[in-house]
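Spelled out, the chains give:
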Amino acid sequence: MIVVLARGTESGEAEAVLERLRADGLEGRLVRAGSRSLIHVLRGPSRRARRLSSDARVVAIVPTSGPRVRREGRRFYPYHALRMGAGGLVLLGLLVGLAGFFPPLAGSEPGALAAPSRALWPWYLAPLRGLYELLPADPAWLAPGAALFLFGLVLVLPVLDRTRGQDGRARAPVLAAGLLLLGAFAALGALALGGSS
Amino acid sequence: MSGTTREEGLLRALGRALRAPVPPERKGWFAFGWSCLALLLVLGTTGALLSIYYLPAPGAASESVRFLMREVAWGWLVRGLHRWGSTLLLVFATLQLLRVFLAGRYRGGRAGNWVLGVLLLLLSVGLAFTGELLAWDARSSALAAAALSGTESIPIVGPALAHWMRGGAEIGTATLARAHAAHALILPWLAFLLLALNLWLLARRRARREA
Chain A
816 MIVVLARGTE SGEAEAVLER LRADGLEGRL VRAGSRSLIH VLRGPSRRAR RLSSDARVVA
876 IVPTSGPRVR REGRRFYPYH ALRMGAGGLV LLGLLVGLAG FFPPLAGSEP GALAAPSRAL
936 WPWYLAPLRG LYELLPADPA WLAPGAALFL FGLVLVLPVL DRTRGQDGRA RAPVLAAGLL
996 LLGAFAALGA LALGGSS
Chain B
45 MSGTTREEGL LRALGRALRA PVPPERKGWF AFGWSCLALL LVLGTTGALL SIYYLPAPGA
105 ASESVRFLMR EVAWGWLVRG LHRWGSTLLL VFATLQLLRV FLAGRYRGGR AGNWVLGVLL
165 LLLSVGLAFT GELLAWDARS SALAAAALSG TESIPIVGPA LAHWMRGGAE IGTATLARAH
225 AAHALILPWL AFLLLALNLW LLARRRARRE A
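These protein sequences, in sequence, are chains A and B. Here the numbering used here is used: the first residue of the first sequence is 816, the next is one more, and so on. Here the numbering used here is used: the first residue of the second sequence is 45, the next is one more, and so on.
Some hints here could point you the wrong way.
The following residues of chain B were derived to be distant from chain A, with all beta-carbon distances above 10 Å [what the hints assert, rightly or not]:
1. G53
2. G212
3. A221
4. R253
Partial list, derived from the structure: chain B residues whose beta carbon lies under 10 Å from chain A [as the list claims (entries may be wrong)]:
5. V66
6. L142
7. F145
8. Y150
9. S168
10. F173
11. I200
Note that these hints are calculated values from the structure, not bench results. Ideal Cβ positions, reconstructed from N, Cα and C, are used throughout, including at glycine.
Model the full assembly from the supplied sequences, consistent with the hints where possible.
See below:
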């Protein structure tokens, strides 16, 4: 934020404005721009500088958002901290809504072990279940081996992808392979979930 | 360094961190990364509350869950928050990894963060799965049997691993005790360690860039 002082403001008066800022917990530096004096507010809660707008020596208060802010980003506090707080509240609301409208089952009576069916598998294991269904049961290592191979492929992605920069053409094969893998996971999941209905 | 000076140092460092600008390219972190952190907090809190009423014994587990759902004030809400929290965590963690993949942010010295992120997603799946078993009703015991049968099919290590997870020849008290220990102690601590390591790597990278 820049505090613009009136033309012809003496250095003593400019120092007085600076002192007033300091009293409000702000740190700034005096800058001479031709015949005009400016105060660049460096640190502190800049909204307090707005109190100076009633001061006769102050002509304007200019926020320093702009190219620099766009390039370097906004400060974590208060900008992102407030967004995160609001996001957290929305998330909590969503959770309460889901828990209220779709509460978990209270649980059935414990009994004899039911025969394992495809319906009992949770949704997040559906791609793994689909892989087990797609591949032949013999040899027994085939399905777990394929699952381990796919997991390893995702894990060592930084080693496999040697491209640099954001050049879309150079990254196209990697992106295509990744999206293909994701599509395969989704198809396997759909296969498992579709078979269980 | 005296206590007061150290405190001042910590406060100053915290103040610097709060005032530091967040580069525009890192704004996306706040969408999914922050959501994952917030959900982990919710899961930790609700998990601690659920553990007050949960009894990890085959005869009593499902009864304690039913008691929590029907008799304990707001018990249904706490369990609902825990269950939906774990579901949303899996969704957001997957979306975060997908975002990192599409932006190519696993390259250029970020390989460690990618590996830790994938392992954290795997741990989240493990936590969700062991949580499914804890109700120990007909469905969860059948699920345990099916999972153990799948584990046994893994070559070489499968049978021994399944035997260890089962806690003996039959599914029973030891199986539930192992699932409970994994869900309430081992996996959360592992996740906490990986998360701390992930954040430390991010902070170190930022400090190096600013130096």
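Against the structure, the hints come out as follows:
1. Every beta carbon of chain A lies more than 10 Å from that of G53/B, the smallest distance being close to 18 Å; the non-interface claim holds.
2. Every beta carbon of chain A lies more than 10 Å from that of G212/B, the smallest distance being close to 15 Å; the non-interface claim holds.
3. The beta carbon of A221/B is kept farther than 10 Å from every beta carbon of chain A, the shortest such distance being approximately 16 Å.
4. Distance to chain A confirms R253/B as a non-interface residue, since its nearest Cβ pair spans about 12 Å, more than 10 Å.
5. Restraint check, V66/B versus chain A: the minimum CB separation of about 5 Å is within 10 Å; hint holds.
6. Taking 10 Å as the C-beta contact cut-off toward chain A, the hint placing L142/B at the interface holds, the least distance being around 7 Å.
7. The beta carbon of F145/B is positioned within 10 Å of a beta carbon in chain A (closest approach about 6 Å), and the interface hint is therefore held.
8. The closest approach between the C-beta of Y150/B and any C-beta of chain A is roughly 5 Å, which is under the 10 Å cut-off, so the hint is satisfied.
9. Interface restraint check: S168/B against chain A, minimum CB-CB distance 9 Å, threshold 10 Å, status holds.
10. Residue-level restraint check for F173/B holds (minimum Cβ-Cβ distance to chain A is 7 Å; threshold 10 Å).
11. Taken as an interface hint, I200/B checks out: its beta carbon lies about 8 Å from the nearest beta carbon of chain A, inside 10 Å.
Hint check: no violations occur; every hint is consistent with the structure.
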